[in-house]
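Those protein sequence lines, which keep their order, are chains A and B.
Each position in the first sequence, counted from 1, maps to that position plus 20 in our numbering.
Each position in the second sequence, counted from 1, maps to that position plus 1 in our numbering.
Hints are computed from structural coordinates only; laboratory data are not their basis.
Here a beta-carbon is modelled for each residue, glycine too, at the ideal position from N, C-alpha and C.
DSS-like, lysine-lysine: derived pairs with alpha carbons at most 25 Å apart:
| # | chain 1 | residue 1 | chain 2 | residue 2 |
| --- | --- | --- | --- | --- |
| 1 | A | LYS390 | B | LYS102 |
| 2 | B | LYS78 | A | LYS343 |
| 3 | B | LYS246 | A | LYS107 |
| 4 | B | LYS199 | B | LYS226 |
| 5 | A | LYS343 | B | LYS101 |
| 6 | B | LYS258 | A | LYS169 |
| 7 | A | LYS343 | B | LYS258 |
| 8 | B | LYS198 | A | LYS390 |
| 9 | A | LYS107 | B | LYS258 |
| 10 | A | LYS141 | B | LYS246 |
| 11 | B | LYS102 | A | LYS343 |
Here are some chain B residues the structure puts well away from chain A; computed CB gaps all over 10 Å:
| # | residue |
| --- | --- |
| 12 | ALA26 |
| 13 | TYR79 |
| 14 | ASP142 |
| 15 | ILE143 |
| 16 | LYS185 |
| 17 | ALA229 |
| 18 | SER237 |
| 19 | THR241 |
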Amino acid sequence: MKKGSGARGQGLERKMRILQFTLTILFLLTVYGPRLTGSTAYALDLHGFVQGNYAARVTGDSPPAKNGSDYLLSEERLQLELTEHSKDGSASFFIKSDFFRDGVAGTDDMELREGYINYTKDLVDLRVGRQIITWGTGDLMFINDVFPKDYGAFFSGRPMEYLKAPVDGAKVEITVDLLSAELVAIPTFEPNRLPDSTRFYLYNPFSSAATITTVETEKPGERIRDTELAMRLFRYIGSTDVSLYAYKGFYRMSGMMVNSMTNPTTLTYIYPELTVYGGSITGNIFGGVGNIEGGYYDSAGDRMGDDPTVENSKWKFLAGYKKELGSELTVGIQYYTEIMEDYGNYESTLPSAFPKEERIRSYTTLRLTKMLLYQTLRLSFFGIYSPSDEDYLLNPEAIYKLSDELSFTLGGNVFGGRKEFTMFGQLEKNDNLYANLRYQF
Amino acid sequence: MKSIIFYLLCIPYLILPLTASAETAEEAIKRAQAAFLYAGYDMKARVVMKLIAKDGKERMREMTMLRKDFEEGGDQKYFIYFYQPADVRNMSFMVWKYPKKDDDRWIFIPALNMVRKIAASDRRSSFVGSDFTYEDISGRDIEDDNHSFGKEEKVGERDCLVIKSVPKDEKGTDYSYKLSWIDKERSLPLKEEYYSKKGDIEKVFSADEVKELSGIFTITKRTMKNIANGHRTEVSFEKTEYNVKIEDGLFTERALKNPPKRWIE
Numbered sequence: 021m022k023k024g025s026g027a028r029g030q031g032l033e034r035k036m037r038i039l040q041f042t043l044t045i046l047f048l049l050t051v052y053g054p055r056l057t058g059s060t061a062y063a064l065d066l067h068g069f070v071q072g073n074y075a076a077r078v079t080g081d082s083p084p085a086k087n088g089s090d091y092l093l094s095e096e097r098l099q100l101e102l103t104e105h106s107k108d109g110s111a112s113f114f115i116k117s118d119f120f121r122d123g124v125a126g127t128d129d130m131e132l133r134e135g136y137i138n139y140t141k142d143l144v145d146l147r148v149g150r151q152i153i154t155w156g157t158g159d160l161m162f163i164n165d166v167f168p169k170d171y172g173a174f175f176s177g178r179p180m181e182y183l184k185a186p187v188d189g190a191k192v193e194i195t196v197d198l199l200s201a202e203l204v205a206i207p208t209f210e211p212n213r214l215p216d217s218t219r220f221y222l223y224n225p226f227s228s229a230a231t232i233t234t235v236e237t238e239k240p241g242e243r244i245r246d247t248e249l250a251m252r253l254f255r256y257i258g259s260t261d262v263s264l265y266a267y268k269g270f271y272r273m274s275g276m277m278v279n280s281m282t283n284p285t286t287l288t289y290i291y292p293e294l295t296v297y298g299g300s301i302t303g304n305i306f307g308g309v310g311n312i313e314g315g316y317y318d319s320a321g322d323r324m325g326d327d328p329t330v331e332n333s334k335w336k337f338l339a340g341y342k343k344e345l346g347s348e349l350t351v352g353i354q355y356y357t358e359i360m361e362d363y364g365n366y367e368s369t370l371p372s373a374f375p376k377e378e379r380i381r382s383y384t385t386l387r388l389t390k391m392l393l394y395q396t397l398r399l400s401f402f403g404i405y406s407p408s409d410e411d412y413l414l415n416p417e418a419i420y421k422l423s424d425e426l427s428f429t430l431g432g433n434v435f436g437g438r439k440e441f442t443m444f445g446q447l448e449k450n451d452n453l454y455a456n457l458r459y460q461f
Numbered sequence: 002m003k004s005i006i007f008y009l010l011c012i013p014y015l016i017l018p019l020t021a022s023a024e025t026a027e028e029a030i031k032r033a034q035a036a037f038l039y040a041g042y043d044m045k046a047r048v049v050m051k052l053i054a055k056d057g058k059e060r061m062r063e064m065t066m067l068r069k070d071f072e073e074g075g076d077q078k079y080f081i082y083f084y085q086p087a088d089v090r091n092m093s094f095m096v097w098k099y100p101k102k103d104d105d106r107w108i109f110i111p112a113l114n115m116v117r118k119i120a121a122s123d124r125r126s127s128f129v130g131s132d133f134t135y136e137d138i139s140g141r142d143i144e145d146d147n148h149s150f151g152k153e154e155k156v157g158e159r160d161c162l163v164i165k166s167v168p169k170d171e172k173g174t175d176y177s178y179k180l181s182w183i184d185k186e187r188s189l190p191l192k193e194e195y196y197s198k199k200g201d202i203e204k205v206f207s208a209d210e211v212k213e214l215s216g217i218f219t220i221t222k223r224t225m226k227n228i229a230n231g232h233r234t235e236v237s238f239e240k241t242e243y244n245v246k247i248e249d250g251l252f253t254e255r256a257l258k259n260p261p262k263r264w265i266e
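Starting from the given sequences, assemble the full structure and let the hints guide the process.
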């Protein structure tokens, strides 16, 4: 295990890094720039966008840890994409990098979103580097998509693509008629990115324990044996996709550990071992598309379920259905449930200060999407309600394309719940409106 | 009496040439679809669509369209890769088309590296925001309409059959009937008019340029115009090639995620 405070690199170092990267991009542009205007088949391609993205909390509340800002997000962002293919098309690289000003934190930063090399030969596709991987069949409900998510981005109205966080690793895809396979190895662990307590009101079970002076994060180690491995085996039967999944790695949602239950001074976030086995089917049914998915989350670090700092093993199931209801109007519904194993042990070992999770938790979701004005206006609504947790999220959104290049997004997130510790209940004071103006090239 | 027998003997000779040319309206539409949508065993084209609003404001769609026929007049598969506009760049789109049941459609979203199956029951919905519907791109099931001949007319220099097609199920369409002008010799539809349920002209299709490519007459420029709101879509098929031997493997999840370079450049 590797211990770290999670603090980011110092300002100067980061600025040097950004400078270095920018110079590289400028160099590439200078070298390849002239080719961009030509129609050479293999010319290097430069694309990306510039956007302003803002989100404001409209409840009038602001988290105690911060300076009273109503803004969850205030940023300007440049994204650049570079692609190049070898002449025979078998090899290529792709770089997608963001440079942004975070107005809430008052910092400038960059992030390599993706950066990989592809190689294709016969039945095999190899991709090595920083990449985004999406598996599973759910719409914002994840069972076999074991790859990192950025919930903070989603809850503060950033575009959907930012819900998925990249991993650094290698992926091999082998395509055979009988059974195809995707194999992924990720040497360095990447946790889920959660709403930040300096921007969001969040529930803290230790809020009454004023004795905590140190908060640490204990990430899985960077030992070869800690490499995360994921596999998807799939086959299309007609147009029906049948997939099997397996994953060996770690929970991306942290557990919390304290050095003493009665008088804690140190709080440590931990990412216990996790193995997942699952399957999914997507196909046509009743004039629409149906999907079912299931998975078993084997909590290797707490097989008995009596360690309150580590999640118990769980069964997870999802069923979804979407259909075109009318002209350019699509509706999607989902039902998700998870069942905890060893619930008795969980109940008996859970410290009294901790909120208790139900044995069976469930979520229902509804998505409506309507396209108007020759698909230049997209109206959508996404709602999640949990009958077990009695909490909800409502996300209406409108995207208007002023031209092929310029689009404007306006949306809102409304959170609520009966209890202050559930996923959406704890976000109740964070109802927000967000806007995004993007120029894409 | 003698004359009656003579006439009776003559009847077959009178009927024969008639039956040889007496194609039904349904057969003529079938012939038109074969020429228009099933030309060659497969096809590759660079397609540029201009979506033009009444005020002249233009939007652009540029894609490579690959089609393979699995049965003449029957099942087909389409693979479409987008270059423009920027927000759909690198997206690929796949349709498995069956005349008698709902299509299968998948889309690949590069930013999420995700393949999704799309619910696709409405073939009258717009293709990529244009005036063309999915049905206009890949064809309407011939058995969904009652077809009848109208008078013959010229479109430009070409002699055409005019066919009226009335949907059997009115609920499934946004128009009440369609008139098609089919080139008698080349079988291509040179003009189509869609009439609203009130009887007004609603949409007009026109073949603006026809070229002979590898011996196949091809509509290389076409327009669909919405008369009611003045919006129109101009489509130009560039670099159209037939019988390029597209492999079945192109119509798979692998190709959606990682389109083979040789097909999309």
